[in-house]
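Colleague: Listed here are the chains, written in short residue letters.
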Amino acid sequence: MKAISLEEAVAMIPAGASVMVGGFMGVGTPERLLDEIVRQKKTGLSLICNDAAIPGKGVGKLFDAALVARLTATHIGLNVKAQQQMLANQIAVDLVPQGTFVERIRAGGCGLGGVLTPTGVGTLVAQGKREIEVDGKPFLLETALRAQFALVHAFLADYLGNLAYALTSRNFNPVMAMAADTVIVTAENIVPVGVIAPDHVVTPAPLVDYLITNG
Amino acid sequence: MDPQIIIARRVAKELRSGDLVNLGIGIPTLVANYVPTDLKVFFQSENGLIGTGPIPEQGLAHPTLTDAGGRPISALPGASTFDSAMSFGLIRGGHVDVTVLGGLQVDAHGHLANWMIPGKMVPGMGGAMDLVSGAKRVIVAMQHAAKGKSKIVAKCSLPLTSVRPVHLVVTDMAVIGFAAGSATLLETAPGVTIGEVMAATEADLLVGDHVPEMMI
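Heads up: the sequence lines are chains A and B, in that order.
The numbers in the numbering used here rise by one with no breaks, and the one at position 88 of the first sequence is 906.
The numbers in the numbering used here rise by one with no breaks, and the one at position 29 of the second sequence is 238.
Since the hints were made in silico from the structure, they are not lab data.
Virtual Cβ for every residue (Gly too), placed ideally from N, Cα, C.
A portion of the hints provided could be inaccurate.
[Unchecked claim] Partial list, derived from the structure: chain A residues whose beta carbon lies under 10 angstroms from chain B:
#1 A870
#2 P873
#3 R988
[As the list claims (entries may be wrong)] Here are the simulated BS3-like pairs of lysine-lysine, each with C-alpha atoms no more than 25 angstroms apart in a straight line:
#4 B:K249 with A:K955
#5 B:K345 with B:K364
#6 B:K249 with B:K364
#7 A:K875 with A:K899
#8 B:K364 with A:K955
#9 A:K899 with A:K955
#10 B:K364 with A:K899
#11 A:K875 with A:K859
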């Protein structure tokens, strides 16, 4: 793990990159990284995030600045701008059931080719996917999902990069921290090694590539 | 009584002590208000919490404790938090005893459509498809009709949420079950006759010998 500035971290992300962003309706989202992406105008992003948040908050800022070319998400109904951009064909949107979304990312981070899920069998979600029967029950083959970058937000990060999360701001963060080539983290609090007890570390330090310095 | 409150009160009667329950948005959210205080029910919020509590008092909200809509909530003693893979493992893995969801249409065989209206409303399915596929019991809480049109239809014209049928539909007019494989009228709302339910329902309903009035 290397501690670097916000500007340096975002400078590493090229236009058109695939980027996973943690958070659920903007809760547990690395806001400072998103602000800096907007400032550096990283266009044509392929965004993987549970939802589109709301305008002005979380990944909603990326839609405000029209930086997203492609979105993989489970729900965008609370962001009017994302909806408008989708209906105007400015962004390509792939809507995925939430349980499938997180398992595809988990698979991507765990070296699996994909998962078999009953969710979506016989619905629009099944279109173009292989249906596989196991013990007489039908499942969809949902393939693994990875990204070039994962942008993660933690409550605590220690000097080595061990991470712990707070309440419902954990959500997709630890799963995404496994599933990208480069993992960039912001933390509410950066603390000395040992403050997070081994049993309370959720994301182990070797998974973190860059920690954004505070202050 | 307000139709939504009739629905919420009747659905609350379906919950048992020890149940892990996931409530959807809209009318389902109201169900929590009518659970007797002596009933120990665990409410799950799909964004990673079991043990959701009421909206905190003014000034006590915390930005890291929210419901699936991003609104501040509280957590009850004994609450637990977890990541989204765990949250949906609970949902899809049959660990959630009851889910209560809103609906746009339910058909004669209990198929639910509640996630999109092609060309008009494409918000995404969020957690709905996993909940209907995986929860032990699926209850739909919705108005019987919208704009004068029955929401209990012969066949869903909207895209299905799951091919797995729901277990129970509770509306402001009736309770309808699907244990027999097709829609069966189980109860009528206070002051509503069987004839009125039949007239307001597009799907064919089986009617048993005894159809009691809803206890709310």
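Colleague: For each hint, tell me whether it holds in the structure or not.
Modeller: A quick look at each hint next to the structure:
Interface restraint check: A:A870 against chain B, minimum CB-CB distance 9 angstroms, threshold 10 angstroms, status holds. Look at A:P873: its Cβ only gets to about 13 angstroms from chain B, farther than 10 angstroms, so that hint breaks. For the restraint placing A:R988 at the interface with chain B, the shortest Cβ-Cβ distance is roughly 5 angstroms, inside the 10 angstroms limit, so the hint holds. The suggested pairing of B:K249 with A:K955 is violated, with an alpha-carbon distance near 34 angstroms, which exceeds 25 angstroms.
Distance hint between B:K345 and B:K364 is fulfilled; the C-alpha atoms sit about 24 angstroms from each other, no more than 25 angstroms. Restraint check for B:K249 and B:K364: not satisfied, since their Cα atoms lie roughly 38 angstroms apart, outside the 25 angstroms limit. Between A:K875 and A:K899 the CA atoms are separated by roughly 12 angstroms; this keeps the pair inside 25 angstroms, and the hint holds. Distance hint between B:K364 and A:K955 is fulfilled; the C-alpha atoms sit about 24 angstroms from each other, no more than 25 angstroms.
At roughly 40 angstroms between alpha-carbon atoms, A:K899 and A:K955 are farther apart than 25 angstroms, so this suggested pair is violated. Taking the CA atoms of B:K364 and A:K899, the gap is near 33 angstroms; set against the 25 angstroms cutoff, the hint is violated. For the hint linking A:K875 to A:K859, the alpha-carbon distance of about 17 angstroms falls within 25 angstroms, and the restraint holds.
In summary, the structure is inconsistent with hints 2, 4, 6, 9, 10 from the numbered list given earlier, while agreeing with the others.
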